[in-house]
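Enquirer: Per our numbering: the sequence shown = residues 1 to 250.
Calculated from the structure, these hints are not laboratory results. Owing to the predicted nature of the structure, the values given are computational and were not obtained by experimental measurement. Think of the CB as a built atom: it goes at the ideal place given N, C-alpha and C, for glycine as much as any other residue. Keep in mind that a hint or two might mislead.
To be verified - Calculated pairs, EDC-like style, for lysine to aspartate or glutamate (alpha carbon to alpha carbon, straight line, at most 16 Å):
#	residue 1	residue 2
1	K20	D111
2	K164	E118
3	K164	D111
4	K20	D63
Said to hold, decoys possible - Simulated restraints, written as ranges between beta carbons of each label pair:
#	residue 1	residue 2	range
5	D43	V80	27 to 35 Å
6	V7	Y128	32 to 40 Å
7	G129	R38	25 to 33 Å
8	G9	P54	32 to 40 Å
9	D17	R138	24 to 32 Å
10	M149	A44	22 to 30 Å
11	A196	E150	38 to 46 Å
12	F204	D184	32 to 40 Å
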Amino acid sequence: MTVHDEVDGAVLRLTLDNGKHNLLTGDMYRQLCELLTRFMNDDALKVAILAGTPGNSFCGGDDLRVRPRPAVMTPHWPTVLWAMPRNKPLIAAIDGWCLGGGFAVLLNATDMRVATPEAKFGFPEIRYGMGGLGGATRLATHLPRTVAMEMLLTGDYMTAAEAKRYDLVNRVVPADDLMSAADDLAARVARHPTLAIRTEMEAFMRSGDLSQADAVAMTKTLARYQMKLHEIDNAYDDIKIERPEPLDLP
């Protein structure tokens, strides 16, 4: 396994473990898809944390030395990961390089981010004549257009301080505090009911492409469903079930 998973109460920890730069292989994309699918379907889990192995980079991108390369594999697991419906949050803990495919994972599959001062972000593919491999599709939803275009067309890297300035990450903390900061953020989410977390995520994720009127209507509907489910759940708590006496069979 090059993606390790560990459960701590209501928190799932996922760790990329593939050398100093944690380069992504097709098998690692598949593992991420499978682990996140299980996470979304497990009512006992409320929030997940994604990080690289301690002392190594978060992710330096796709591993181009292996075959098939992630960009041309079938099924195309990166696309499966980007398109995966998510109704629970994923927190990224970033140290060192976050480039290419790793940066795309950050943009497409994580919701909150903690980084060290040493973290660096970017899409260097254009330097190698490989422009348009996915980074451009989401970057402008996270950064101002001019900043996104500069990053994509120059292939230059963004520092952690710059990422914080543009709200690409929530906070920058010393390397020794990285995982404790991610754990603290996860705990602040996990203290809430699973249904409330799912509903909040659903409302946020779906409302972005709607008109204001449609977004308000959708959130009202989700709120009504949530309250109705609470009523049903509480009703079950009031039901008294008496066990029948065992039959005295001849």
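Enquirer: Would the pair K164 and E118 pass a check requiring their Cα atoms to be no farther apart than 16 Å?
Expert: 13 Å, holds
Enquirer: If you draw a straight line from the CA of K20 to the CA of D111, is it 16 Å or shorter?
Expert: 25 Å, violated
Enquirer: Are M149 and A44 spaced within 22 to 30 Å by their CB atoms?
Expert: At roughly 43 Å between Cβ atoms, A44 and M149 fall outside 22 to 30 Å, so the hint is violated.
Enquirer: Does the Cβ distance between A196 and E150 fall inside 38 to 46 Å?
Expert: Holds, since A196 and E150 (Cβ atoms, about 39 Å apart) stay within the stated range.
Enquirer: Is the gap between the beta carbons of F204 and D184 within 32 to 40 Å?
Expert: At 21 Å between Cβs, range violated.
Enquirer: Using the C-beta atoms of D43 and V80, is the stated range 27 to 35 Å upheld?
Expert: 23 Å, violated
Enquirer: Does the Cβ pair D17, R138 satisfy 24 to 32 Å?
Expert: 25 Å, holds
Enquirer: Against the 16 Å threshold, does the CA-CA distance of K20 and D63 hold or violate the hint?
Expert: 12 Å, holds
Enquirer: Does the Cβ-Cβ separation between G129 and R38 fall within 25 to 33 Å?
Expert: 38 Å, violated
Enquirer: Assess, step by step, whether the Cα of K164 is no farther than 16 Å from the Cα of D111, and give holds or violated.
Expert: Holds, because 14 Å separates the two Cα atoms, which is no more than 16 Å.
Enquirer: Quick one: are G9 and P54 within 32 to 40 Å, going by C-beta?
Expert: 21 Å, violated
Enquirer: Indicate whether the distance between the beta carbons of V7 and Y128 respects the range 32 to 40 Å.
Expert: 39 Å, holds
Checked against the numbered hints given earlier, this structure breaks hints 1, 5, 7, 8, 10 and 12; the rest are met.
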